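Visitor: Whenever a hint applies, use it, and build me the whole structure from the sequences.
These protein sequence lines map, in sequence, to chains U and Y.
Note that the numbering used here numbers the first sequence so that position 197 is 218, with each residue one more than the last.
Note that the numbering used here numbers the second sequence so that position 113 is 134, with each residue one more than the last.
There may be inaccurate statements among the hints.
For chains that are exact copies, the list does not tell them apart, and a pair is met inside one copy or across any two.
As the list claims (entries may be wrong) - Below, computed lysine-lysine pairings styled on DSS-like, alpha-carbon distance capped at 30 Å:
#1 149 / 86
#2 149 / 191
#3 286 / 108
#4 286 / 86
#5 191 / 204
#6 191 / 286
#7 245 / 191
#8 245 / 84
#9 286 / 149
#10 59 / 108
#11 204 / 286
#12 245 / 59
#13 86 / 245
Hint data in this document are derived by calculation from the structure and do not stem from the laboratory.
In this text, all values refer to a predicted model and were calculated from it rather than measured experimentally.
One-letter residues, chain by chain:
Protein chains: 2
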Amino acid sequence: MIELDEQQQQARTWFESLRDAICAEFEAIEAEAGSDAKFAYTPWDRTDPSGAPGGGGVRGVIKGKVFEKAGVNVSTVGGTFEGDFAKTIHGAGDNPNFFATGISLVAHMANPHVPAVHMNTRFLVTTKRWFGGGADLNPPIPYAEDTADFHAAMQAACDAHDPQHYPRFKAWADEYFYIPHRKTHRGVGGIFYDHLEGAGDAGWEANFAFTQDVGRAFLDIFPKIVRRRMGMAFTEAERQQQLEWRGRYAEFNLIYDRGTLFGLKTGGNIDAILMSLPPVTAWS
Amino acid sequence: MIELDEQQQQARTWFESLRDAICAEFEAIEAEAGSDAKFAYTPWDRTDPSGAPGGGGVRGVIKGKVFEKAGVNVSTVGGTFEGDFAKTIHGAGDNPNFFATGISLVAHMANPHVPAVHMNTRFLVTTKRWFGGGADLNPPIPYAEDTADFHAAMQAACDAHDPQHYPRFKAWADEYFYIPHRKTHRGVGGIFYDHLEGAGDAGWEANFAFTQDVGRAFLDIFPKIVRRRMGMAFTEAERQQQLEWRGRYAEFNLIYDRGTLFGLKTGGNIDAILMSLPPVTAWS
Chain U
22 MIELDEQQQQ ARTWFESLRD AICAEFEAIE AEAGSDAKFA YTPWDRTDPS GAPGGGGVRG
82 VIKGKVFEKA GVNVSTVGGT FEGDFAKTIH GAGDNPNFFA TGISLVAHMA NPHVPAVHMN
142 TRFLVTTKRW FGGGADLNPP IPYAEDTADF HAAMQAACDA HDPQHYPRFK AWADEYFYIP
202 HRKTHRGVGG IFYDHLEGAG DAGWEANFAF TQDVGRAFLD IFPKIVRRRM GMAFTEAERQ
262 QQLEWRGRYA EFNLIYDRGT LFGLKTGGNI DAILMSLPPV TAWS
Chain Y
22 MIELDEQQQQ ARTWFESLRD AICAEFEAIE AEAGSDAKFA YTPWDRTDPS GAPGGGGVRG
82 VIKGKVFEKA GVNVSTVGGT FEGDFAKTIH GAGDNPNFFA TGISLVAHMA NPHVPAVHMN
142 TRFLVTTKRW FGGGADLNPP IPYAEDTADF HAAMQAACDA HDPQHYPRFK AWADEYFYIP
202 HRKTHRGVGG IFYDHLEGAG DAGWEANFAF TQDVGRAFLD IFPKIVRRRM GMAFTEAERQ
262 QQLEWRGRYA EFNLIYDRGT LFGLKTGGNI DAILMSLPPV TAWS
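Guide: Below is the structure:
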């Protein structure tokens with residue numbers, strides 16, 4: 022085990038309790054669809070390259086009737102960034118020590134009318150301390166109503182803390198979740214933020230409260246959208262459209278995603294890092 | 022169109038005739054399996070970032086009973102490398118002009134007992150002129166006999182030209198076709214070579230002859246292996262094993278493959294560049 026200070030422990034406790042609430046909600050949706058699918062949890066440990074304890078996490082996966090494959094990973098890791106990678110991380114240029122705790126979730130849905138989704142929030146410590154995260158909606162078949170509701174939920178979480186947050190973090194998501202070689206976005210957006218530092222304990226508290234609200238907003242809106250769409254009939258052509266759309270999603274995660282790169286570069290658990298990849302995917 | 026010198030034209034003609042021979046052989050295999058699947062060809066043009074003509078290519082795809090999806094791309098492109106990318110290419114550090122002609126082939130097979138395969142050979146011109154290429158066998162369910170025969174064919178092609186070629190190019194393939202984050206090779210290897218330059222016209226002729234022999238060796242051995250395995254019965258579990266194995270293949274191509282990166286960085290045709298991705302893939 023690695024030693025945690027008070028803020029680190031508080032953040033970790035929040036991310037794990039958010040995981041519990043989300044998993045309970047997803048299992049309730051499965052039950053409504055007549056399935057008894059539950060999350061299966063696999064703990065994993067990380068060895069730091071320095072040889073010191075490196076922390077670890079728990080990967081949870083559900084494969085059900087509504088959630089074709091949803092993975093939620095909580096991890097609390099720390100140690101030393103290897104080599105030049107430290108230079109790419111905020112506050113680690115001259116000191117490669119780091120700590121990170123967070124939750125990462127990706128849901129790929131059985132029904133192409135139900136959007137896939139990604140949500141991730143995290144607390145990072147180097148010589149700096151900051152929060153980062155975001156959530157974005159990834160419908161194979163987009164519905165304007167779902168997109169509007171998802172953005173409205175994220176905006177409400179943002180507006181409660183800072184009127185600048187939503188315009189800034191929405192634009193950041195539009196920039197981040199873009200696939201240059203396809204000249205297209207991977208989904209219909211959401212919010213993305215990083216390096217959210219505050220002055221002193223009050224600043225930390227404020228940013229922690231915001232990060233909690235992003236998690237709560239996700240927990241509120243996504244299940245609503247799932248319940249709205251999960252009963253819709255779909256055609257073989259719509260399913261094929263979903264599988265090919267998932268190919269774009271896999272391309273984004275393997276080529277561009279910062280979290281995937283962070284995991285690979287810090288020797289995280291491969292199954293947890295690549296949990297975001299879609300279950301069945303097609304490239305035509 | 023871009024202008025070609027004598028060597029460029031000869032190389033291009035060879036790659037296109039090799040494509041014709043391979044496609045005819047693959048279609049013959051489909052016919053033996055009672056299918057009338059044929060390659061469909063899509064020409065594409067490339068615009069150089071300089072605005073000059075950038076060449077182009079032809080993408081061929083067959084989706085049949087034996088070949089679930091095989092793609093063969095011939096391209097002849099030229100122009101100017103953009104920005105810092107030039108610095109990463111042999112002989113282009115001080116002069117970003119380039120020319121490239123080649124053939125690239127990937128076959129994903131319907132039957133998990135039949136190995137997938139990759140073969141690519143190319144002629145590059147910057148301030149240097151060289152050949153590169155290779156072929157590797159990617160069986161979801163490996164058979165020692167197939168592996169041995171494939172390596173023997175590649176070795177024979179190598180040994181006819183230089184006793185150093187095979188040990189060097191086999192080791193290079195073992196190093197290249199490796200997936201660090203999975204700590205595994207993507208298949209059972211083959212050969213990989215690059216920057217094969219010779220002194221003067223005689224050196225060029227020798228390396229061109231070697232590159233032709235690599236193509237001929239592939240054309241000889243791969244169809245034999247396909248015919249040996251294509252009639253074998255397989256289980257649902259073996260098919261699933263194949264789909265998950267394809268996930269590793271997609272990870273390699275999207276994260277590590279130099280040819281994919283070259284294509285994305287030089288504004289090639291996206292469908293041709295990503296033609297190598299498996300048709301149906303699963304991540305558990």
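Visitor: Tell me, which hint numbers fail for this structure?
Guide: Violated hints (numbers, rising): 1, 4 and 10; every other hint is consistent with the structure.
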